[in-house]
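Residue numbers (the working numbering), protein chains in the order written: chain A, 1 to 261; chain B, 1 to 261; chain C, 1 to 322; chain D, 1 to 322.
Hints are computed from structural coordinates only; laboratory data are not their basis. What you are looking at is a predicted structure, and each value in this text was computed from that prediction instead of being measured. It cannot be assumed that every hint is accurate.
[As the list claims (entries may be wrong)] Each computed BS3-like pair below joins lysine-lysine, with the alpha-carbon atoms no more than 27 Å apart: (1) D:318 <-> B:130; (2) C:293 <-> C:282; (3) C:294 <-> C:255; (4) D:147 <-> D:296; (5) C:8 <-> C:66; (6) A:130 <-> D:147; (7) D:66 <-> D:282; (8) D:282 <-> D:294; (9) D:294 <-> D:147; (10) C:294 <-> C:147; (11) D:147 <-> C:147; (12) C:147 <-> B:130; (13) C:8 <-> C:21; (14) A:130 <-> C:318.
[Claimed, not checked] To give a feel for the contact side, a few chain D residues facing chain B, derived at Cβ under 8 Å: (15) 169; (16) 184; (17) 185; (18) 223.
Idealized CB from N, CA, C, for every residue including glycine.
Listed below are the residues making up each chain.
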Amino acid sequence: MPAHETDGLWVRCDGCGKLVFKRELEKTSFLCPACGHHFRMGAPQRLALLADEGSFTPFPPLVSANPLGFPGYEERIRQAQEQTGLDDAALVGRAAIGGSSCILAIIDFSFMGGSMGSVVGEQLVRAFEKAAAERLPVVAVSGGGGGARMQEGIFSLMQMAKTAQAVGRHSREGLLFVSILTHPTMGGVYASFASLGDIILAEPGALIGFAGPRIVEEATRQKLPEGFQTAEYALEHGMIDAIVPRPQVAQCVGRLLLWHR
Amino acid sequence: MPAHETDGLWVRCDGCGKLVFKRELEKTSFLCPACGHHFRMGAPQRLALLADEGSFTPFPPLVSANPLGFPGYEERIRQAQEQTGLDDAALVGRAAIGGSSCILAIIDFSFMGGSMGSVVGEQLVRAFEKAAAERLPVVAVSGGGGGARMQEGIFSLMQMAKTAQAVGRHSREGLLFVSILTHPTMGGVYASFASLGDIILAEPGALIGFAGPRIVEEATRQKLPEGFQTAEYALEHGMIDAIVPRPQVAQCVGRLLLWHR
Amino acid sequence: MQPFEWEKPLLELEERISELKQFCARSKLDFSEEIASLERRASTLRREIYASLTPYQRVLMARHPKRPTTLDYIRMVFDDFLEMHGDRTFGDDAAIVGGIALFEGQPVTVVGPQKGRDTRENIARNFGLPHPEGYRKALRLMRQAEKFGRPVITFIDLVGAHPGVEAEERGQGLVIAECIEAMSFLRTPIIAVITGEGGSGGALALGVADRILMLENAWYSVISPEMCASILWRDSSRAAEAAELLRLTPTDLLKYGIIDDVITEPLGGAHRDQAFTGRQVKAFLRRYLAVLKKTKVERLVEERLARFRRIGQFHEVKLAEI
Amino acid sequence: MQPFEWEKPLLELEERISELKQFCARSKLDFSEEIASLERRASTLRREIYASLTPYQRVLMARHPKRPTTLDYIRMVFDDFLEMHGDRTFGDDAAIVGGIALFEGQPVTVVGPQKGRDTRENIARNFGLPHPEGYRKALRLMRQAEKFGRPVITFIDLVGAHPGVEAEERGQGLVIAECIEAMSFLRTPIIAVITGEGGSGGALALGVADRILMLENAWYSVISPEMCASILWRDSSRAAEAAELLRLTPTDLLKYGIIDDVITEPLGGAHRDQAFTGRQVKAFLRRYLAVLKKTKVERLVEERLARFRRIGQFHEVKLAEI
Ligand SMILES: [Zn+2]
Ligand SMILES: [Zn+2]
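For reference, chain A alone in the conformation it holds in the complex (with noise of 0.2 Å):
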C-alpha cells in the first residue's frame, strides 16, 4: 500500500493511519515510528542501510534511449531523472555487506515506478556478470510496481529474458543470489531475476505477485483473500525462504554472504 502524501511535510502511514512526520522517517529508516509499518524508501537511502560505509563504488551509468520512438518518453526519463537524482531505476555496483564484497543492485520505485527497461536490464546483467567474472555474489534489492516499462514495448519485455539468463549464468558458476524483495515487488521484475534468488527474503508487508491486486480483482470479480500478495502470503505459500524486517535486513544479508565465501 503506498504511502499517500498529505502535504509536503507528512505523511499518512498505511498501517496505522497515523501522520507521520517525514523528516523523523529519515531517521528510522522509513519504518514508521508508531506501528513499525514498512514505507517505501529510495535507492540510495536502502544503499546506506545495506552496505558497510564507504564501501560502495557504482557501475557507470547508462541513460535510456527511446528505442519505440514513444510519444514523450525521454521527457518523462529527464523528470524521473531530476526528481530522483537517479539515471535510472537501479542502481547497481560493488560493495560490502557486514564485511564481505558482493555486487549490490537496488531498484528504486520513486523511477518510474522501478520498472524494467533497456537500462535496468543491461544494469542487472552487468551485476551478474561483472559478479561471476569476480566470483562474487549479488545481492539484489527489488521493488518494481509493474515491472514492465511499457515505453520500451518489446525491448522492455525481453529485459525479463536478458537479466534471468544472467542470472543462470551467475548461478552456473556455483555464486549466491540473495534476492530482496520490497515494497512492491511485481509483474516482470518479480518474473525474472527477482524470483531466481537462492535464497529470497522479504520485507513485511512487502506485496509480491505477477498481476496486480486491481488486475486479479477486475479479472476475477472476487474479493481478494485478507492479506492478498503480501509478503506472509508468499511465505504462507511457500514462495520466499523468510520475512526480514528492515533493521536486521543488512545483519542477516551479512550472515548469508560470510557463510557462501
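Following the hints, position chains B, C and D with the ligands against chain A.
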C-alpha cells in the same frame, strides 16, 4: 477395487456389479464384457498382451530368503509360488514391444499383493542395470498393493532406495523408462521406481497412491472424495501423463519405444 | 460470427459474385466476362484491404475465434501426437497442451497454450490463460525433450498468464521466471511460433528460443494495447492508438531483431484457409529445424543467450558528462 | 506426564532418595551412608531396567513427548541457524523445518521433521507428519546445499508421511520417490540422524545418506509395530510382539548394515538429559563430518549408491533346480 470371487467359475465385476464368467475374462484381456472394467491380470497374461510374441527371455530366477527370520515367511512364499507359478512378485526379462527391444518388468499382485521384498527389488535393479548396459529402455508394469513386504521389514524398505537409484542411474544415461501403473499401485512401489518414469501411463480405474484409502479415511475421519486415488484422479491432479485403456497399451508403448530409439 | 468492419466491402462484393455465379448456373446465361472482371476487382480490393491493415486490426485478426489453435496446428503439422498431462506437482492445466509429436518422422516435443473454439471449450480451457501448473507442465516436457535430445516447438497464443488468486498463490511470477531461465539453457533446439497473441511475460515464458517465428497477423508485446491505453489515457477504447505506439506487429519486431521470420497467412487471415496456414507453418518449421539440427547444442545455447543479451537500447554516459 | 510402567520402581526409589536428602537437610541428621547405598541400588536398578528394554519399550521411548525435537537439536548442536521456508511451488510445511546452520564454524544445511512439544504445537506442526510441500522444501534445500557444496544433515523423527486426502492429491508418493532419488545422487556429503521414529517411506525420504546414525532409543522400520500387528493379527494392541518381529532397534539395524553407528543416550532416554544428548549428537556429527569431508564427492556418491545396492537377501537359483 479388488474383484471378489463369488465361486470358482464366476466373478463379480466391481465396475457394473454383474457376474462375469472367468473363462470369458481370459479372452477379453480381463476387461468386463459388460462395462469395460479393468480386472487385475497376472504377469504372464500381461506379458502376452504387451510383448511381441516369442520375444521374451526372462532373467534367471531369484528366490526369497528370510532375512529377519520372520515366522511363517518361507511357508507364505512357498504357497504364493504354488498358487501363481511365479518365483516372486516380479517377472523380469528382455522383450520386444511393437518391434522395439526393451527390458520389461511386471509386478504381479497375486504374489503377496505385489509387495517388494529383496527379490523384487533385486530383479528390478538388475532390469535397469541390464538396460543401462545395453542402452535399452525399461518398461515396468506395477501393481503392488501396499508396496512393502512386511516380513522383510527394513530390507523391504531399503528396496525403495535401491530401485529408485537404479532408475536414476539408467536415466542419467539418457535412457527411457515407461512406467505403467495398474490396479493397484500403492505404498512403497508407488513411492519409488514406479513414479520415476519419464512417462507414466495408467490403466483406467487403477488405484494409485501412497497411503491406502482405508488408512487415509481412518487418519482423517473424513469421507474420501469421489474417485479418490483412481487413475482419473491422478491425471486430474497432474501425477500421470495419460490414461491408456488396456487394449491400447501395447500399441502406445510401442510408439513411445519407437520414438526413443 | 461478426465480420470485421474493414472486411465488409470485400465480403459484400464476394457475396455479389457468388450470387451472380448462381444466377448464371440457373439461367444458362453467360456472364463470365462480368464475373471475371468482378473477381479481379475483388482481388485488388482484398490486397488493398489486407496490405494496409493497422496494427490494431492485426490484433483483432489475431483474436479471431476461428483462428487455428495449438491443437489445430498439431493436427495439421505433425503425423502423430501423444498428449502428455500434468506437472507432477499439483494439477493438469487444460490451458496448456503438450506432448511428443512426429514431424516428418522425427520426434519433437510440442507445447502451447490452448484456446477454446466455443464458449464451453473456452471455459474448460480458461480462454488459454495458463495457471502455474500449466507452465510447470511445459517445463517438465521441455526438460524431458532435453534429456532425449528432441527439438522443442512451442506455439504461442495467449493474452497473458491467468491473473487470479490461485494462480498468484501457486507462484505465477516465479514459474514464469523459471520457464524463461530453463528455456534459456535448455540443451536442445527450440523454435517458438507466435501464432496469435503474444501477451507479456506469459508469452515470453514459452518464447525463449533459437528461432522465433511469427504469423503475419499475430502480435507480441509487453502489454496488451487495451491495458496500455487504459494506463496512458485511462481509456481502454483507445487501444488502436496504443497498438500503434507499442510496435507489436511482426514487421516491427523483425526490424528490431526480436523475431527471425514472418509466416505469411492467406489473404484475410489464417482462419480463411486453415489448411494453407498449416502448410505454411510446416514449411517454415521444416526449414528452421533443418538449420538448427546442423548446429551443435553447445553453440545453440551460446547463441540463444547472446541473442537476448544484445537486446536493449541505451546510451553509455561518459563520466565527464555527469 | 505419565511415567512408563517399567520405570515406576526406579522413579519410586529416586523419589525416596530425594525425600531422604530433604529430611537430612531439615533435620541436620546424617544419613549419608544410607543415601549412598540407596543411590548405588538406584544406579544398578537403572542399568538393569534400561539394559533390558524390549524393542517396543524403545519404540515408546522414541515417542516420549519430552524427547528432543529437530529444533532442539538445531539449538543444541549448531552455533547459528537461519530457517528457510517454502517449496517455491505450493506452500510451507510446518511439519518439516530446514535451513542453513553453522556447525563449529562450517555452514551446513539442516533438514528434519518437527513434532510439537504440546497439543497446540502438535496441531500446528501436524504431529511432524509432512505433506508433499514439506518434502519439496527439503529437496529444495538439499539441492541448494549441493550447489554450494555444503554438507547436509537430516534429523529423522516421524511416524510416517501424512496420510491425507490433500497429501495424496499433491503427490505424496511421487515426492517421496523424488527425494530418495535426489538424495542418492546429491553431490555433497549427507549424514542422517534418526533421533526418534523412523517410519517407512516418509523417513527414508530423508534417510538416504553417506552415514546413517541412530539414537539408542530410536526405531526404524518399513511399518509401525501397531500397523504390523493390525495386519498380522487384526489387533494393534499386540504391537509389542510385532516390534520384536520387525527388528527395528539400532542394534539389529547396525548388525544388518542398515545404519552405521548408534548414539548412546543418557540412561532413561534422551529426554532425561537433553543437553547430554545434544553433546552426544554433536560429537558424532563432528567425527563423521570430518571423515566425509576428506572424501571426494564423486566417491561419496559412488559409495552411497553401492551401499544401498548391496541391501537385500535372496537366493540365486540355478536353472537346473527349477
Ligand atoms: Zn504506522
Ligand atoms: Zn463390469
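Each hint tested on the structure:
1. Proposed proximity of residue 318 (chain D) and residue 130 (chain B) is supported: the alpha carbons are some 19 Å apart, at most 27 Å.
2. Proposed proximity of residue 293 (chain C) and residue 282 (chain C) is supported: the alpha carbons are some 16 Å apart, at most 27 Å.
3. As the CA atoms of residue 294 (chain C) and residue 255 (chain C) are separated by approximately 26 Å, the hinted pair is consistent with the 27 Å bound.
4. Only pairs whose Cα atoms come within 27 Å are accepted, and residue 147 (chain D) paired with residue 296 (chain D) is accepted, the gap being roughly 15 Å.
5. Distance hint between residue 8 (chain C) and residue 66 (chain C) is fulfilled; the C-alpha atoms sit about 17 Å from each other, no more than 27 Å.
6. Only pairs whose Cα atoms come within 27 Å are accepted, and residue 130 (chain A) paired with residue 147 (chain D) is accepted, the gap being roughly 20 Å.
7. Restraint check: the Cα-Cα separation between residue 66 (chain D) and residue 282 (chain D) comes to about 19 Å, which is no more than 27 Å; the hinted pair holds.
8. Annotation: proposed proximity of residue 282 (chain D) to residue 294 (chain D) holds, straight-line Cα distance about 19 Å (limit 27 Å).
9. Pair hint residue 294 (chain D) plus residue 147 (chain D) holds up; C-alpha atoms about 19 Å apart against a cutoff of 27 Å.
10. Straight-line distance between C-alpha atoms of residue 294 (chain C) and residue 147 (chain C) comes to about 19 Å, which keeps the hinted pair within the 27 Å bound.
11. A distance of roughly 21 Å separates the Cα atoms of residue 147 (chain D) and residue 147 (chain C); the hinted pair therefore holds under the 27 Å criterion.
12. Simply put, residue 147 (chain C) and residue 130 (chain B) have alpha-carbon atoms about 20 Å apart, close enough for the 27 Å limit, and the pair holds.
13. This hinted pair checks out: residue 8 (chain C) and residue 21 (chain C) have alpha carbons roughly 20 Å apart, not beyond 27 Å.
14. Using a Cα cut-off of 27 Å, the hinted pair residue 130 (chain A) and residue 318 (chain C) holds, with the two alpha carbons roughly 19 Å apart.
15. Hint status for residue 169 (chain D): holds, given a least beta-carbon distance of 5 Å to chain B, under 8 Å.
16. Among the interface hints, the one on residue 184 (chain D) holds; its C-beta lies about 5 Å from the nearest C-beta in chain B, closer than the 8 Å criterion.
17. Because the closest C-beta pair between residue 185 (chain D) and chain B is about 6 Å apart, less than 8 Å, the hint holds.
18. The restraint placing residue 223 (chain D) at the interface with chain B holds, with a minimum CB-CB distance near 6 Å, inside the 8 Å limit.
When the structure is compared with the earlier hints, no violation turns up for any of them.
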